[in-house]
Each structure stands twice: as structure tokens, then as C-alpha cells.
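Colleague: The residues making up each chain are set out below.
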Amino acid sequence: MTVPLLTSYQDWYCPQCKKTDRTRAQTWVHGERASRFHTCPKLRYLLAPMLPATLKAKVEVHEREDYVNGDMVQLDPERGRPIQNMVTTRDNGTDARVFAPTATVK
Amino acid sequence: MAWSASKIFVTFIEDVLENTAAYNLATDAPKCALYNNTPTPDNTVTTANRAFNAGQWATAQEVYDAAEWATGGVVLTSPLSTTAAAVYTYDGTDVVSTGTSATLAAVFGCLVYDDTVAGDYGMCYNYFGGTNSVTDGTFTIVWAGTGIFTITLT
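Chains as they are written, first to last, in the numbering used here: chain A, 1 to 106; chain B, 1001 to 1154.
The reader is advised that the hints may include incorrect statements.
[As the list claims (entries may be wrong)] Looking from chain B toward chain A, a few residues come up when the C-beta cut is under 8 Å (computed):
{"no.": "1", "residue": "Y1125"}
{"no.": "2", "residue": "D1136"}
{"no.": "3", "residue": "F1149"}
These are computed hints drawn from the structure, not numbers from a lab.
For each residue, glycine too, the CB sits at the ideal point set by N, CA and C.
All chains should be built: construct the whole structure from the sequences, respecting the hints.
Modeller: Right, here's the structure in full:
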């Protein structure tokens, strides 16, 4: 008797750059524990989470609201602007990656 | 005044140099506590006033989630204390809320303090540049490539 080997999989997408990917099936956990990240050309080449293909959500980058004021802030690779956070908005919540500046003695 | 920049506490440097407390940044387990826009951080305060739950760092101004970013903060794992040429860098793994359903509102910055040394004295504070929130989600502090704090000796 022949036994088929069934392999389940998970499809991923980025709502910004539309990149897709497929991996072995795994439980998706949102936020930093998301299973899949990519460098997104539509999110200023920052590392951004990929989302399960069935999930409707948006991922946005926000620039720093306040003056840099001499802080060693994190800049986006595309425009060199100070980045404050990257927010994923889902139907039932939000996740945030906050880009902390480096503290100095100045 | 509120937040304006990210700084290392001056008395932290003094206490390290004078061996006032036995800091070992290579192995100590620091914590990151989150704060709203009420504190006016000052890196020239006394040792007592750079401690968690003292001075500007009172818990009344702390932002926390009872289950997933408890009061007192989340542990900074894999601390890394290094030098390269004339630059000292203290770094660690990005700090992530301990679950996936944290709700934190209006987070403006964090206090990084040494939870291993008695006194919970702050080492530095990092200003996020504005308000940050999550609802039923995950909050992550992504440290810069230049570290949590750095000292350039040139």
C-alpha cells in the first residue's frame, strides 16, 4: 500500500511590498515573535514582519516625532530619516517595534 | 520639560570607577522599565535618584502591563560589554514583552537599571522620540547598532 506524505505549509505576505513566501506550517504569533521577517523596500528597507496570507493588517513606519536633539537615533536606510517605530495594526490589536536611540554621556 | 534626549547617568560612571557597587556589566541582569511623558530625566541626579522607583523614576509614572511588561520592567538578556578602538559599547538582545497580548499606552522612554546590584540603580535612559503604544499585542525595544549606551574616549 502506498502512503502519501502530506506536508502542510504556511503562506506569508507583506502588505506593503507584496512579497510572498511559503514555509512549513507553523503557528503564527504576531509581533516580535512573528515567524517571518524580511527587509522591506516599501518600509525604507527596514526589517519588517511578514503576515499570514489570510490576515488583513497593515504595517507602517513612523518617523521620530520630537527633535533629534543630539541623540544617536536610528536612521532608516533609504532616506536617512530618524525612525521612531514600526507598527502592525491588526483587526484585534497592534504591535510595535520601537527604535531606541543609543544613550551617551554628552 | 519631559523627555528630551538619551543619556548615561554621571553617577553611574562615578560609582563604577569608585567601586561603590560591584557592577559587572558582562553578567549582571539589567531591566528595562517603561515610562510615560511625565518624568523629566536628568543624567546629573544623585545615585539615589537614578534608582528605579525613585525621583523621576517613580512607579506612578511607569507604564506597564500587569502580565506582559510587569512593573519593574523586562529583563535585558544577553548583555554585551565590549570595546573597539576608543569606543565602549553596552548592548543586549532586543527587549520584547513577555507575551502577545500586552497593552501599553503612551510610552516615551525607558530606564535601564541594574537589577543584580542592590539598589536597582539606573545606568541610562533612552528616549524613544515620541509616544508609542500597543493594544493586545507585542511591544519590542529595538536597540541601535551602536548599542544601548556608548562611551567614546577620544
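Colleague: Closer than 8 Å between Cβ atoms is the bar; does F1149 of chain B clear it against chain A? Give me holds or violated.
Modeller: Status holds, d = 4 Å.
Colleague: Does the nearest C-beta of chain A fall within a distance shorter than 8 Å of the C-beta of Y1125 of chain B?
Modeller: Holds, because the Cβ-Cβ distance from Y1125 of chain B to chain A comes to roughly 7 Å (cut-off 8 Å).
Colleague: Taking the closest Cβ pair, is D1136 of chain B under 8 Å from chain A?
Modeller: Check passed: Cβ of D1136 of chain B comes within 3 Å of chain A, closer than 8 Å.
Every hint, counting from the list given before, is met by this structure.
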